[in-house]
Amino acid sequence: MPRELPSPTARTIGSYELIEKIAEGGMGAVFKARNRTSGQIVAIKIIPAETARNLTLLKRFEQEFKAARLLNHPNVVKALDYSGSGPTPFLVMEFVDGESLGQRVERDGAIPEEEAVSYISQVCDGLHRAHKQGLIHRDVKPDNILVTADGVAKLTDLGLVKEVEGEQNLTRTGRGLGTPHFMAPEQFRDAKNADVKCDVYSLGATLYMILTGQVPFQNTSPLDCWMKKRNNEFPPPREVVETISKRVDWAVRRAMSSDPATRPATCREFMEDLSGHAWRTSSPTDTIFPYGAGPTPETDLWYLAYRDADGKQRTVKGSTESVRKNFLDGALGEETAIIVSRLKSGPFNQLKSVPEFRDLVIVPGVVGNAPSGKSGPPTTTPTPNAARGQTVRLAETSTRSKAGDPNAEIPTEPYRVVPVVAKKKASSVLMPSPELPVLATLVRKEEPAPLVWPWVVAVVVFLAAVVGFVFVWTR
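Following numbering that gives the first Met the number 0, the numbering of the sequence shown begins with 0 at its first residue and continues without gaps.
Derived from the structure by calculation, the hints contain no laboratory data.
Only a predicted model underlies this, so the values are computations on that prediction, with no experimental measurement involved.
A couple of the hints might just be wrong.
[Unchecked claim] Here are the computed lysine-lysine pairs in the PhoX-like style, where the Cα-Cα straight-line distance is at most 20 Å:
| hint | residue 1 | residue 2 |
| --- | --- | --- |
| 1 | K227 | K316 |
| 2 | K351 | K324 |
| 3 | K31 | K20 |
| 4 | K191 | K65 |
| 5 | K131 | K65 |
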């Protein structure tokens with residue numbers, strides 16, 4: 000028996016027979032239905048007649064169909080049909096036989112880490128495709144992620160999607176759209192200019208909830224929620240659930256940093272943060288690892304350049320574990336002086352650019368630090384080393400290297416080579432590799448101070464002569 004229909008008499012709409020109501024949201028109710036011609040089971044979102052009279056909302060409803068139709072991805076719910084005519088416009092979508100992550104958490108509580116990360120990785124894949132096509136979701140949350148019986152996660156509800164470069168935008172500047180507990184703090188102020196990093200924040204907040212069983216910033220008003228987000232005032236996931244791994248805890252906190260500059264730049268980078276390795280290799284013909292695969296114990300090898308305790312440039316090789324251990328032991332010096340590559344010939348990257356080591360050097364937003372801008376004080380605390388609690392020396396840069404690594408930054412002012420040394424000797428687990436070219440550390444060149452003392456002596460001698468002359472003359 001149907002649980003609820005649009006009206007006591009309406010059991011069909013267009014070419015579809017309504018079966019039962021399965022959900023309800025701000026834009027209308029969703030029904031399970033059957034195509035009367037093909038027999039296909041579908042989901043139909045029906046917008047109420049009174050809402051349909053609002054032309055802005057009706058346009059947004061049509062935009063949801065157009066956005067979903069553009070996305071053909073197994074982890075995004077497909078749009079099949081749309082009708083904007085008649086008193087009750089409707090959108091026909093793929094029917095997902097499952098429940099939302101929000102429903103699952105509400106019923107059973109927190110989801111185990113491995114399973115939770117699997118769901119988010121699937122959504123990341125679909126959302127990454129959307130971003131590549133110039134679409135921002137703006138309302139990623141557990142209730143908008145459906146999971147089938149066989150564990151396939153699908154992102155739905157594209158009603159707040161906006162085109163990054165499109166002319167049509169149904170959101171006024173200064174107006175926030177989305178669900179407060181899951182949207183980025185900057186989206187509160189201006190949803191019109193929401194970008195990829197806003198969706199990344201929502202992914203992090205969604206993973207936070209399904210890992211801990213708690214809504215982030217729960218039991219707060221929208222204003223209090225915004226203030227807490229601005230100041231990163233939320234307990235780390237590991238404080239709520241001790242079994243959450245350190246890496247996942249760090250990845251969630253980084254994604255939920257109040258300052259967008261601290262967050263991952265893409266969904267792909269967020270997934271790399273969670274997994275600790277490159278999401279995909281650069282090419283299906285990659286000779287290091289097969290396409291989509293990670294390293295094996297036999298292939299897990301890094302070539303690394305750093306300065307030892309004597310200030311001598313060293314080039315060594317070792318596994319991911321050995322590099323991490325030596326770094327944490329302080330045997331490799333400052334991270335800005337360390338560069339690594341999977342190949343002897345490069346390209347070489349700084350640790351912050353490599354998923355296997357990024358968590359050692361990038362610090363998520365800390366409590367009490369709001370991003371610089373009109374809405375809060377700038378963060379003036381120097382970036383600390385996450386592993387060793389030391390201050391990191393950061394060079395000012397503005398341009399990118401055009402040779403070798405495209406992500407390598409080059410200085411804007413003259414630089415000279417100086418020793419940046421490790422505090423202790425590197426472990427023998429890291430094997431010397433003298434055949435590698437020496438890669439020097441660059442730091443800002445210090446201009447010599449002008450010579451002042453000759454002028455001081457000249458002035459003193461001159462004044463003494465004047466005083467002597469006056470003394471003799473007066474006698």
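Against the structure, the hints come out as follows:
1. K227 - K316: With Cα atoms ~44 Å apart, K227 and K316 exceed 20 Å; violated.
2. K351 - K324: Holds, at about 16 Å.
3. K31 - K20: 6 Å, holds
4. K191 - K65: Since the Cα atoms of K191 and K65 sit roughly 18 Å apart, the hinted pair holds (cutoff 20 Å).
5. K131 - K65: At roughly 16 Å apart (the allowed maximum being 20 Å), K65 and K131 satisfy the hint.
Violated hint: 1 only; the structure is consistent with all others.
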